[in-house]
Amino acid sequence: DTEVTQTPKHLVMGMTNKKSLKCEQHMGHRAMYWYKQKAKKPPELMFVYSYEKLSINESVPSRFSPECPNSSLLNLHLHALQPEDSALYLCASSQATGRRHEQYFGPGTRLTVT
Amino acid sequence: AQSVSQHNHHVILSEAASLELGCNYSYGGTVNLFWYVQYPGQHLQLLLKYFSGDPLVKGIKGFEAEFIKSKFSFNLRKPSVQWSDTAEYFCAVYTGFQKLVFGTGTRLLVSP
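Line order of the protein sequences matches chains S and W. Note that our numbering gives residue 34 to position 34 of the first sequence, counting from 1, and the numbers run on in steps of one. Note that our numbering gives residue 1112 to position 112 of the second sequence, counting from 1, and the numbers run on in steps of one.
Only chain S is shown next, with the shape it has when bound in the complex (with noise of 0.2 Å):
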């Protein structure tokens, strides 16, 4: 199974609205990432965990709060946002360590704030 998957595919929410972005991945992976896109852009990386431990963070907004409950599963919780962090939201996973670093990516999800 080389499939991450991520739950919503799509998701309105307004400026005062809490929601969260799932992430998952049976792969064995040891490494998570977010990774937010714009249109016609490449994507952005915001946050790595590694072995369950936040390891990078890309200098993010404090709305938004990444989480990683066990090695399969990441979360990114979303609060107060502005239309500006409308975006594509990609979630990534690969091996923590060796040579060949390869990040598989889940299909994302596409945020609307309104």
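Do not rely on the hints blindly, as some may be mistaken.
Unchecked claim - Pulled from the structure, derived: some chain S residues nowhere near chain W, Cβ distances all over 10 Å:
{"id": "1", "residue": "Leu11"}
{"id": "2", "residue": "Met13"}
{"id": "3", "residue": "Thr16"}
{"id": "4", "residue": "Met27"}
{"id": "5", "residue": "Pro61"}
{"id": "6", "residue": "Arg63"}
{"id": "7", "residue": "Cys68"}
{"id": "8", "residue": "Asn75"}
{"id": "9", "residue": "His79"}
{"id": "10", "residue": "Ser94"}
Unchecked claim - In silico DSS-like cross-links for lysine-lysine, where the CA-CA straight-line distance does not exceed 27 Å:
{"id": "11", "chain 1": "W", "residue 1": "Lys1071", "chain 2": "S", "residue 2": "Lys36"}
{"id": "12", "chain 1": "S", "residue 1": "Lys41", "chain 2": "W", "residue 2": "Lys1058"}
{"id": "13", "chain 1": "S", "residue 1": "Lys19", "chain 2": "S", "residue 2": "Lys53"}
{"id": "14", "chain 1": "W", "residue 1": "Lys1049", "chain 2": "S", "residue 2": "Lys38"}
To be verified - If the Cβ cut is set under 7 Å, some of the chain W residues that face chain S in the computed set are:
{"id": "15", "residue": "His1043"}
{"id": "16", "residue": "Leu1044"}
{"id": "17", "residue": "Leu1100"}
{"id": "18", "residue": "Gly1105"}
Read the hints as simulated data drawn from the structure, not as lab findings. Note that the Cβ used here is the ideal one computed from N, Cα and C, for glycine as well.
Since chain S is already given, all that's left is putting chain W on it; use the hints.
Just chain W now, kept in the frame of chain S:
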């Protein structure tokens, strides 16, 4: 900091034309190299990857790429494009520390 350059931002080709998309990176050490494709409205898909060994790698859908270490390049090629190849193509480089660095992307439009 490591960077990845894709010099062709927009490419327009007719069906059956040959394709070459450039990718250059700035890092002198060992790299893992990737090409991803994103069809309109869809998610990222891995086209091909290079870790080591034969510098000419073949991927899905008839794509191939050549790693030229001396030129820090990993160009993507396809001998004959199809309308269905219309998409955004991203080159990406991994140099360590769990960060995959993406190029800015090349938008390919293939006219039937």
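So, going through the hints one by one against the coordinates:
no. : hint                : result
1   : Leu11               : 15 Å, holds
2   : Met13               : 21 Å, holds
3   : Thr16               : 29 Å, holds
4   : Met27               : 14 Å, holds
5   : Pro61               : 20 Å, holds
6   : Arg63               : 23 Å, holds
7   : Cys68               : 14 Å, holds
8   : Asn75               : 19 Å, holds
9   : His79               : 25 Å, holds
10  : Ser94               : 8 Å, violated
11  : W/Lys1071 x S/Lys36 : 30 Å, violated
12  : S/Lys41 x W/Lys1058 : 25 Å, holds
13  : S/Lys19 x S/Lys53   : 22 Å, holds
14  : W/Lys1049 x S/Lys38 : 24 Å, holds
15  : His1043             : 4 Å, holds
16  : Leu1044             : 5 Å, holds
17  : Leu1100             : 6 Å, holds
18  : Gly1105             : 5 Å, holds
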